[in-house]
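A.B. asks: Those sequence lines, one after another, are chains R, A, D and C. Numbering of the first sequence is given in this note's numbering, commencing with residue 1 and proceeding in unit increments. Numbering of the second sequence is given in this note's numbering, commencing with residue 430 and proceeding in unit increments. Numbering of the third sequence is given in this note's numbering, commencing with residue 859 and proceeding in unit increments. Numbering of the fourth sequence is given in this note's numbering, commencing with residue 1362 and proceeding in unit increments.
Rather than coming from a laboratory, the hints here were simulated on the basis of the structure.
Taking CB as the label site, the calculated pair distances span:
hint, chain 1, residue 1, chain 2, residue 2, range
1, A, D846, C, R1596, 50 to 60 Å
2, R, P8, D, G874, 33 to 43 Å
3, D, R904, A, D846, 24 to 34 Å
4, D, H1156, A, R460, 27 to 37 Å
We put the beta carbon where it would ideally sit given N, CA and C, even for glycine.
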Amino acid sequence: MLATVGVPSIDDLFSQIPEGLRLERPLDLPRGVSEQEILADLASLARRDRAGEDLVCFAGRGAYDHFVPSVVWALAGRSELYTSYTPYQPELSQGVLQALFEFQSMVCELTVLDVSNASLYDGATALVEAVNMARAGGRSRVLVAGGVDPRYVETLRTYGRGSGYVPEVIQAPDGRSAPPTDIDPDVAAVVIQHPNVFGILEDVTAFGAPARAAGAMLIQVFDPTSLGILAPPGDLGVDIAVAEGQPFGNHLNYGGPYLGMLAAKIEHVRKMPGRIVGETVDVDGRPGYVLTLQAREQHIRREKATSNICTNQTLMALAATIHMAWLGPGGLAELGRQCAAKASYAFDALTGLASVEAAFAGEPFFKEFAVRLPRSATEVRDALVDRGFLAGVPAPWVDDGTLIVAVTERRTRQEIDALAIAMEEVLAS
Amino acid sequence: MLATVGVPSIDDLFSQIPEGLRLERPLDLPRGVSEQEILADLASLARRDRAGEDLVCFAGRGAYDHFVPSVVWALAGRSELYTSYTPYQPELSQGVLQALFEFQSMVCELTVLDVSNASLYDGATALVEAVNMARAGGRSRVLVAGGVDPRYVETLRTYGRGSGYVPEVIQAPDGRSAPPTDIDPDVAAVVIQHPNVFGILEDVTAFGAPARAAGAMLIQVFDPTSLGILAPPGDLGVDIAVAEGQPFGNHLNYGGPYLGMLAAKIEHVRKMPGRIVGETVDVDGRPGYVLTLQAREQHIRREKATSNICTNQTLMALAATIHMAWLGPGGLAELGRQCAAKASYAFDALTGLASVEAAFAGEPFFKEFAVRLPRSATEVRDALVDRGFLAGVPAPWVDDGTLIVAVTERRTRQEIDALAIAMEEVLAS
Amino acid sequence: MILGAPVRRQGPPGEGTVRDLAQPGRAAWSFPDLDVEPTEVPEAHRRRQAPGLPEVAERDLVRHYTRLSQMNYGVDTGIYPLGSCSMKYNPKLAEVAAAAPGFARLHPLQPDGTAQGALEMLWRLEAALCEITGMTRATLQPPAGACGELTGLLIMRAHHTELGNPRSTVLIPDSAHGTNPASARLGGYRAVPVPSTPRGLVDVDALAGLVNEDVAGLMLTNPNTLGLFEEDIARITTIVHDVGGLVYYDGANLNAIMGRSRPGDMGFDIVHINTHKTFATPHGGGGPGAGPVGVVEHLVPYLPVPRVQRDPDGTLRMSEDAPRSIGRMHGFHGNFGVLVRAYAYVFFHGSDGLQEVSELAVLNANYLASAIAEDFPLAYPDSRPMHEFVATAAGLERDAGVRAMDVAKRVIDLGYHPSTVYFPLVVEEAMMVEPTETASGSPGAQSGPGTTEGPGGSAARPLRVHLPPRLTPPGASVPARSPADRVRGGRPRSGRAAPRRNR
Amino acid sequence: MILGAPVRRQGPPGEGTVRDLAQPGRAAWSFPDLDVEPTEVPEAHRRRQAPGLPEVAERDLVRHYTRLSQMNYGVDTGIYPLGSCSMKYNPKLAEVAAAAPGFARLHPLQPDGTAQGALEMLWRLEAALCEITGMTRATLQPPAGACGELTGLLIMRAHHTELGNPRSTVLIPDSAHGTNPASARLGGYRAVPVPSTPRGLVDVDALAGLVNEDVAGLMLTNPNTLGLFEEDIARITTIVHDVGGLVYYDGANLNAIMGRSRPGDMGFDIVHINTHKTFATPHGGGGPGAGPVGVVEHLVPYLPVPRVQRDPDGTLRMSEDAPRSIGRMHGFHGNFGVLVRAYAYVFFHGSDGLQEVSELAVLNANYLASAIAEDFPLAYPDSRPMHEFVATAAGLERDAGVRAMDVAKRVIDLGYHPSTVYFPLVVEEAMMVEPTETASGSPGAQSGPGTTEGPGGSAARPLRVHLPPRLTPPGASVPARSPADRVRGGRPRSGRAAPRRNR
Ligand SMILES: Cc1ncc(COP(=O)(O)O)c(C=O)c1O
Ligand SMILES: Cc1ncc(COP(=O)(O)O)c(C=O)c1O
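Using the sequences provided together with the hints, build the complete structure.
C.D. replies: Written out as structure tokens, the structure is:
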């Protein structure tokens, strides 16, 4: 090959690199190993973590231990799908394109909104993108309900540094959120999370009225697993709905890859970030799928694009699509019912302990709830790890003793009972 | 659907079953469960076993803990392959047919024999089939070298009950086997295992001479992982070679599914059991693959078939094919070298212990060897389990203190050293 | 009814074998550096010439076998309506379950104490299979149905031998599967055919004339290979028992009767099960399978060793302790990995689900038989089929010169797997169809693209047949080192189609 | 040279969506029976109408998505020679590694003490990426390259802000990827284009004229998007540094120089890496990716939180403690599962293997450029390409009226993925090709079927073009609930081909 190329050695291929900039030593990394060794290395790292059967998971706050049916990765893991590139070449990408089209359709069905895109990075960045959509009209302010996860607010704050806004949290988080009062024509978006960071059901319409009155957009962060039983964003007057899509088909993966879902009313479609797949027909009139409305995107509009997103979370969206199809309307409703019932049972079990009380008594919740402990929530959680439970996520922004507990359909009554007993022991010790 | 069929109820579809023979109660089994439950049930059973990282494996005797490269099941696990039927319909089965053709070709390359089939159940039943081939000429007696694994001899004995022979073990197993002396024109087959049950390299040609002189067939049980470095059956004058193919691409699986390999000289092809894939051309002259020589098989010849085998181990053969292609000649040689070197190191480490000695000193071996312990081998092995080692397989037919130890490329020097230390401790206690 | 999907990954064959991709010096393998002293093979034992395995990069290997897979039809591709094969959907959950290291990396010769989970699985599965078939105990060792048959025949032989005479013949209906007579011979018996009646059932009078003290037993498939339940089954088993013979149940068609009837209750003594049929363990392009064999009480001592036994303290062990056992049928304990998948299927479905499976299988077969009756009438219209049926293209041949094989080829061109044709041989222009419970999930399912394009269904209506039968080969060569050799075609023989339990 | 395999699972589109398979009452789902008291959703919160998700049996679901997969081209199908995308072979071992429950089932908010394995993996990977790029520390949080760019720009902004003035513009060469200017705007900057010379390199004099105290920095890809190494890179970075600007390295083309040269040594301050390019993490049909960002010493305090830190006792933790940090770029810690795969690639190849990867990638590109030069000359014949090159079909168009897109369509018809065409825009009838190290395993590889059928290679010789551009759509509708809408085509943009390390 070198002869064909017309150079005497491999080094000559790198001759354009100026002399002083050539690395004249090997990289300071171990030399290559065999497949057996790299697998053993990674397996031994994985074994140092405690997860799955080894640590019963009641942690939530945007990432949940739902059951992933075997079909999901048996299909999403097919190599024609996972080793493929972005479907710019539609003739060679009908599989991914059609699956994404189905994904968008299902997200629209879930949310009762008109249009959806082919996935964003995750829930938090999907909220950033929704806020950018709202701010595209020229308004500046971004109001955020108190019940929105602080992690999402932090993410908004980071991105706001570049885009020129500071998210205004309406009120210190305290159970159910209070609707905005300081609202004016410079408000671009009002953001609410429902169910909120404590799992509590918010009154979304109470946010919609003032937002509409001020001409601001209402953005809801939703939980896709709730939409079999809870009223969908579209029915609550929401303009843009975003979600962390992980609970559909994606493992916990220590935080990623997940996927951001985003759906909106049709009038916002040209401001929507990311890829959109549309249906079309080929020269023979047969249906087919292509990326559409690409004039919004960075590779065409560059600086004027609606977003800089390029690589997104297609494979995760594909997994979510398969999981949603596996669930269907019946399974989705059952999923919601089971989460709600088990969370309710766990709430009773834990608040039934002498020293544990509800953090926000009387508030209806979905699959997550907050309890107040007589001691540091972090300490209690850590002590419960030794007993095999990941009991929840502390909420230090409320107080030192608040723990947020999530209960998915995957948890059994037995596990919940055992958690209650273990917590009682820990609190007694 | 019932209306189309013209019956009022499902029960009517079963009306042909005579009344007294209808089961009038539900089956006495648990009712159906969810996917989540059945997976949890099986996972909890699997966790009750000790295997893999949890129990370092030095056990062999026909089943070995070799490394299975990730590609093997990423490919053999593709659903068009593993959910397909026997390739009787060649137009729809070119994938499986071609892979089996490649399997046969590779087995022929390995063994330096002319023809091979598309897999048998396992090594032991492959030997049964080879003996049946040898006996097809009308001769009756089956002589078996002392170094053939007793488990294979037991299997021969079972099948011999139907076919009308009793395998004659030439000599009580004792290191290297002695060639047959009591040989006459009624001997159909002489069976030798090389490397033998103790891992020892046999003198195959010393068995070939008397066998040929008496007109009997020489059958060799071989270890496919040895054939990168050891002389192949075809070069040793063997008529039929059989093997347990598990080490290529198949996990231990508590004994199955594995695959039997069988290769023979071309003159025996019409006596060969099982499926054979041949190359052909289609109406356009393009190459294609079909099942061939089917007139040997039970679905055509019924009672006069060469064998009753129907379902075989195609998928395992496919996995073996991929593994063999991954290895290539270089990898196969390296695999053999590593097994041999590590076994030799382990032999030195163990026989270096004060109370342990070689069972058959001075005999060259491949990847397995026997040591003599001062105590019951079963007891020692069981004590080593508590220290995380599956130290080997006892050989009770020799004496109570003989342990057969197998060392694959997967074992590290560190693991071998640790085994030696642990064994020393156990023997000292 | 949605019957399946077109085969669209059927590309042109002839991209070459993996060897054609090879380049000297390429390789996919990697091993750790040797961490001990290298050794030398003794001169006399050394291989002189490296085997001609292909030298390929891993990416070439991956592309090659990915391509081959795409040239293959599987249950995941579409319907597989082959009669007598129960090709049903293989639940993905079973693959996940079987991959657990506690199963996949378990050595067959581990001490029992380190394999209690595996033993418990085997123990429970054995009990479930006994309940389903009405037997006392079972062996899970045979790696396929044919091996199960031989196991049963060796048990038969052992039983008669203990009574003083192994006897010499085994009766087998003429419609039986080829493995039955082949196994009989391997069991040391002569196979004597039993004729069928015009209604497709065992000719009981003929049977009565064939039995005698030299008959070791009868092998029977029920519902039989024509898809019909042997109405006189009680009389049949009695006739054989009356001469001291045993009755063997070929369980290939067990999918028709689960929870509805049991071989043991019909009077059978020995039953084999094909897990890749009834319990949806993947057939893998021809294998692996598993052929558990159940027996009645008095035959239990003959079951192969090792067997799983439970100690009084609850511990399970692989026991070799069975002096009257026929011995060992497999090098180890059989196809354990397949049995894990069978367990998953049995206990996922449970008592209610298994019965539902049979009901759906029979309903689907009857529905399909009605649906295509106009074009392809039943070969035995006087008997109601169970889970499969034999139709005939004889009328079409008379009227239009179109043969069953032409229909099959046309079905292939439409993208589906055809039914079995020309089997059973007793039926002219036979087309044998088994939809299984997989073919349709719910009554009334009736739309979607390609729906009426069933195998041998109305698809066959606009027949444009005699499309080139692409690979009915003119001649094929045996691979590798052997000379070219004539070939006797790729005749379709049997097989099936496959939904998961719907709730 | 074996370039890939024909696409043969490309069946006719239009089998309907999963919804078309649906039947009321069908379902694939199963859940355990509820083992606690059911609860009621408060009336006001209740969903009134069930969402219109499809109702399908599991087997239909499986067949549908199996079919869709077969209608898709992937690296496992054949070569992917898209320029600027490094579409290389994704080692299967990485999938095995990432599936371990200790990674896959780890909750992002677990206490650090229960995630030491994951943290160690991140720690080692960060160090390796810093060594490869010559940076001090890195964040692994950005889930893709574009997010990495924005991260870098926010760091730039924070740096300048601390110095008193965030500045207002960022310089970006006209050949840059679209994400560069888009990210600049999201970082609060105006993007100012820098022109290229006729040799395809940055016009250094023009650059010198563009810099001033209001320039926050320069974003540069090197080797640039034309596949050429910026020979004057030292002068370029100095010019920007001299006005107090920072220099950002878009690492999309890092695959060209691993072990041969490091952005840090060239004078760059901030570098992003696309793991799905350089480190072969599967691209998944458009994602996921990961876009780690490395920085020089003085920018470390601005890196996003949380960051992995090691305590004196060796314990690792996710630390939020960084008062000058720009904050959080992702809801959790980024695409951890992707990073596991990147780790597998980096440490499997090691120092020697990574360098070999770059050498092969550059060799392959140069070889391919020579091989097709007769038909498609290089757009910049005076500069030697690195790992990719831009050729032009302008001559062919003049002589035969055949355009680059026609060549691409012809290549598709031959069964391969074409190169990028019409990008970069500055080149007439551009065809941009990146073979990566995957395209060929070893020097001299030169046989096998379909070998000369390369993308834009001699395959294009017997051109029978203007085959129907099947899916360059006349118009497409936005899915689901929205009205039909005009479409602006499916223009190919970038991408790549893929071998494993050969030894
Ligand atoms: C009726 C019948 N009996 C026996 C068998 C043999 O079973 P196996 O293929 O598992 O050996 C079959 C297989 O198709 C069959 O259909
Ligand atoms: C040069 C260049 N920069 C940046 C990007 C954006 O990276 P990502 O797609 O990971 O967001 C790409 C992606 O193709 C690229 O080619």
